[in-house]
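Novice: Spelled out from the first residue to the last, the chains are:
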Amino acid sequence: MSAFVQQLLVLIVAAVAAMIWLGINALVWVYCERKFAGHIQRRPGPFEVGPHGALQPLIDGLKLMGKQLLTPDNADAILYWLAPILSMLPVLLLFLPIPYGPVLTGMDVNLGLLLILAFSSFNGLAVLLAGWSSNNKWGLLGAARAVSQTVAYEIPLLLVVLAVTFMTGTLSLTEITNMQAGHIGNWFIWKQPLAFLIFLVAMFGETNRAPFDLAEAESELTAGFHTEYSSMGFGLFFMAEYGYMVVMCSVCSVLFLGGYHGPFPGVDGWWWMLLKTFALLSFMVWVRWTYPRVRFDQLLNINWKWLLPLATFNLLATALILKL
Amino acid sequence: MEVLAKIAFSVYTLIILGGCVVAVSSSSLVRALVGLITTLIGVAGMYLLLATPFMAFMQLLIYVGAVSVLIFFAVMLTRAEQGGDEAGSAPMKTYVFGLAATIAPAAILGWLVLTRPVASVAVPVEVTIKQLGGGLLGSYFLPFELISVILMVAMSGAVLLTWEKRGKK
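Chains as they are written, first to last, in this note's numbering: chain A, 1 to 324; chain B, 1001 to 1169.
Next up, chain B with everything else stripped away, as it sits in the complex (with noise of 0.2 Å):
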């Protein structure tokens, strides 16, 4: 069975960083997004390694349901070209920038991933609804409550810009 978990986490792998070499490199707007979904999808395998389903279907469910669909509608509402609007290649600074923006986080995490091992467990247990929620509603409850406070100024943050903007007409 490790190998064939081995085999699978090199699958998900593959399929995440081939959906953002995608997202990152294609000059249409939707294929980006489709690069993105791609992502999003293989995230979702990752999950599913780590026996944890109920994550990996709402990652299914919230961000290629519901998430990619809104990103969608805004690249349809700002009328992109199929074409699409930067398809001539940037210059040289721009790669050298990216790369350098990927490199990072990647070399600290595999740094931290690498001298600090986390102490885990060799088969993931997966974890029942009941303990997610017991969790999130009892030693967690600050953090919960705070990104429900969150979500709520960016979306009352939202509904005020466009008042403003609607006003000034």
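Isolated chain A, as found in the complex (with noise of 0.2 Å):
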């Protein structure tokens, strides 16, 4: 019983962990994402509150806190706030199972990568019942955009991991990892370039994130599915999507960087992933304001005539590699 306890404890911890990891990501992002737009447009960002502005993230999370919270007339009440916590409550449990250093596990399940594709999968349903439950047009237009999208980026996305389990043959993260062991050259980049290509553009994809936010597009649809959501019932759905974003750079990392492998032998650690993890988050944030948005038709071409031919090429390339 006491080794039941112990892994309780582990478990407990890890998710508190993962909960902190979280916030302090939100709002590390939400002002690197400001100021790094703010540069990249020649204008200095936010820079009132704190040294820099660097207190502004905070101060908008307070504010967001003290909002009304409130319930658009004839909106399905229990969907319409069961859908912002059904997009949340999921993050948590995606960081739990990667790597983030040698001993720096939440939880080292033999199917992490399984488990973070199955629970990731939910936040299409949840940004579903946002949009349809709160009873808006604009929110029911960027839901239905959100489901052709999240569902056509998904196929691409499991495709190219399935190309990288085929020459793992493990879907444990901790051991994707230490097969990249060594030195830069042992990256599973090298091995398999057009799978990284393609993880990167299903990320966006998969994150709603500019160029591909056609669900939130605020030029067309003010918001998209969160048009009608207030205080916290907004601010879930923004955290939600930094999670997301974080979780989606972190397997990335380990899929394709080596996770917490350095370069060069020797200095192995959770700075190299942490490392990976920002700048592929960096370059989120870059291309979000260096690209205009894509048009709807413009993104299900992507993914039905380049992306899914591309993944299914590279699957039966590599399965065809491998038996040779």
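Source of the hints: derived by calculation from the structure; they are not laboratory data. Note that beta-carbon positions come from the ideal geometry of N, C-alpha and C, so glycine has one too. Treat the hints with caution; some may be incorrect.
[To be verified] Simulated DEER-style distance windows between Cβ atoms:
#1 A:Pro211 / B:Pro1105: 49 to 55 Å
#2 A:Leu316 / B:Ile1062: 21 to 27 Å
#3 A:Leu316 / B:Gly1157: 26 to 32 Å
#4 A:Pro309 / B:Met1092: 40 to 46 Å
#5 B:Ile1007 / A:Val10: 35 to 41 Å
#6 A:Leu82 / B:Ile1062: 20 to 26 Å
#7 B:Thr1102 / A:Glu175: 41 to 47 Å
#8 B:Gly1133 / A:Arg43: 41 to 47 Å
#9 B:Lys1006 / A:Leu69: 54 to 60 Å
#10 B:Leu1142 / A:Pro309: 49 to 55 Å
#11 B:Ala1074 / A:Gln298: 21 to 27 Å
#12 B:Leu1048 / A:Gly182: 31 to 37 Å
#13 B:Gln1131 / A:Phe264: 37 to 43 Å
[Unchecked claim] Covered by chain B, according to a simulated footprint, are these stretches of chain A (three or more residues, beta-carbon under 8 Å):
#14 20-29
#15 69-83
#16 128-135
#17 143-153
Bring the two chains, given one by one in their own frames, into a single complex with the hints.
Specialist: Here it is, written out as structure tokens:
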């Protein structure tokens, strides 16, 4: 029984750590995003609150919490408030199987990759419920777009992940990391360059980030699926979006960039994982403020006519090379 | 551990039954769908309890993540009213038939389980993905391929049906 209690304690600590990690990341990346956006557009960004505006996200969070919770008229109140919770809860679970360091793993599940893919698919459902239950045309349009987008982009994402697991023969993120130990030449990005590129593009589609943020599309749908949400209802969606971004970037660095292994032997540690994840996150922010939003038919054409055939080809090629 | 397993079993059973009741009784189609999703999540929990995490995660990935989203899309395309088209109460006969349809398979299965108990192991052994794949492509090769043929037929049938409708316009 003591082993069970021990396991339970580890799990609780890991869950709390995941919550803290998510909170910190949301604060840091809201700030970084606004600062990056500012400098890309030749303006300073937030500057008034704290040194260089560093306390701005904290104050924004407090402002969000202080606002009134409103439920729109004729909305399905239960589903309306279920949606942000359904969007947020799985994110906490997603951090558990990611190996941030040799000992810094919340829960070493041997199907960790599958766990992340399974629970991240809840987000599409949450977005749909939110859009439908707010009884708002913009919300409904945003939800309809989110469905076709997330369902479509999940397929190439799964196919490239499958190609990597063909090579490794395991779904455990820790084992996948350990196979890339040694030096930079062992990282899977060199063996699966096409898969890496497809994963990057599909990542933008899955997390509803610009240039693929058609579910929210400020210029056409005001805010899409979360138009009606006020206060922390919106706050939860917002945090979940950053949470999914961090999870996707972490998975990408584990699958293709060697996880916590350094580029040369002898310097492995959690700092490499953090560096790689944050580099990918910065790339996502950079892309958002560089490229204009694509049209919806273009978005689906990119997926069905390019990503899906390429991912299938990549999978077949991987299987063929492994067999030979 | 056995007590914990029993508690988990009853929690999952409650989730499944609760989801079923919501799915059948709610007047709004989307709420019914949420009930169905709850049931699917409960079934995934049962798979976890049977030490088949692969099946559990696949259940979540495919049914919760993809199939229910597609059902949602179908509901939205039919422009179902939020109040529900069949919000009014049904005649008593419908409830009786519904109850009979529920109880009949439950009774048969229950009778079978009680009279002919399956020889089972106390603690389920986890089946690895390699064993699962070996089984699917080894001893169960023919059924596996036949299922894929059925899916092929269903898919081409759906395409054929919509094709005809478009031609009539």
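Novice: A separate judgement is required for each hint: does it hold in the structure or not?
Specialist: Hints, verified against the model:
1. The hint said 49 to 55 Å for the Cβ distance between A:Pro211 and B:Pro1105, and at roughly 51 Å that hint holds.
2. Taking 21 to 27 Å as the suggested C-beta distance range, the pair A:Leu316 and B:Ile1062 conforms, at roughly 22 Å.
3. Between A:Leu316 and B:Gly1157 the beta carbon distance is about 27 Å. The supplied range of 26 to 32 Å therefore holds.
4. At roughly 56 Å, the beta-carbon separation of A:Pro309 and B:Met1092 lies outside the given 40 to 46 Å, and the hint is violated.
5. Against the hinted window of 35 to 41 Å, the Cβ-Cβ separation of B:Ile1007 and A:Val10 comes to about 21 Å, which falls outside the hint.
6. The hinted range of 20 to 26 Å is satisfied by A:Leu82 and B:Ile1062, whose Cβ atoms lie roughly 22 Å apart.
7. At roughly 45 Å, the beta carbons of B:Thr1102 and A:Glu175 sit within the given window of 41 to 47 Å.
8. Between B:Gly1133 and A:Arg43 the CB atoms are about 56 Å apart, so this pair departs from the stated range of 41 to 47 Å.
9. For the hinted restraint 54 to 60 Å between B:Lys1006 and A:Leu69, the CB-CB distance of approximately 39 Å leaves it violated.
10. Distance hint for B:Leu1142 and A:Pro309: a CB-CB separation of about 31 Å, inconsistent with the stated range 49 to 55 Å.
11. Distance hint for B:Ala1074 and A:Gln298: a CB-CB separation of about 25 Å, consistent with the stated range 21 to 27 Å.
12. For B:Leu1048 and A:Gly182, the Cβ-Cβ distance of about 36 Å falls inside the hinted range of 31 to 37 Å, so the restraint holds.
13. Between B:Gln1131 and A:Phe264, the C-beta spacing of about 39 Å keeps the proposed range 37 to 43 Å intact.
14. As drawn, the segment 20-29 of chain A meets chain B at 0 residues by the rule of a beta-carbon pair under 8 Å; below three, the given contact is violated.
15. Look at the segment 69-83 of chain A against chain B: 5 of its residues bring a Cβ nearer than 8 Å to a Cβ of that chain, three or more, so the hint holds.
16. Coverage of the segment 128-135 of chain A by chain B holds in this model, with 5 residues showing a Cβ closer than 8 Å to a Cβ of that chain against a need of three.
17. Counting residues of the segment 143-153 of chain A whose beta-carbon sits less than 8 Å from any beta-carbon of chain B gives 6, enough to reach three: the coverage restraint holds.
Hint compliance for this structure: hints 4, 5, 8, 9, 10, 14 are not met, and every other hint is.
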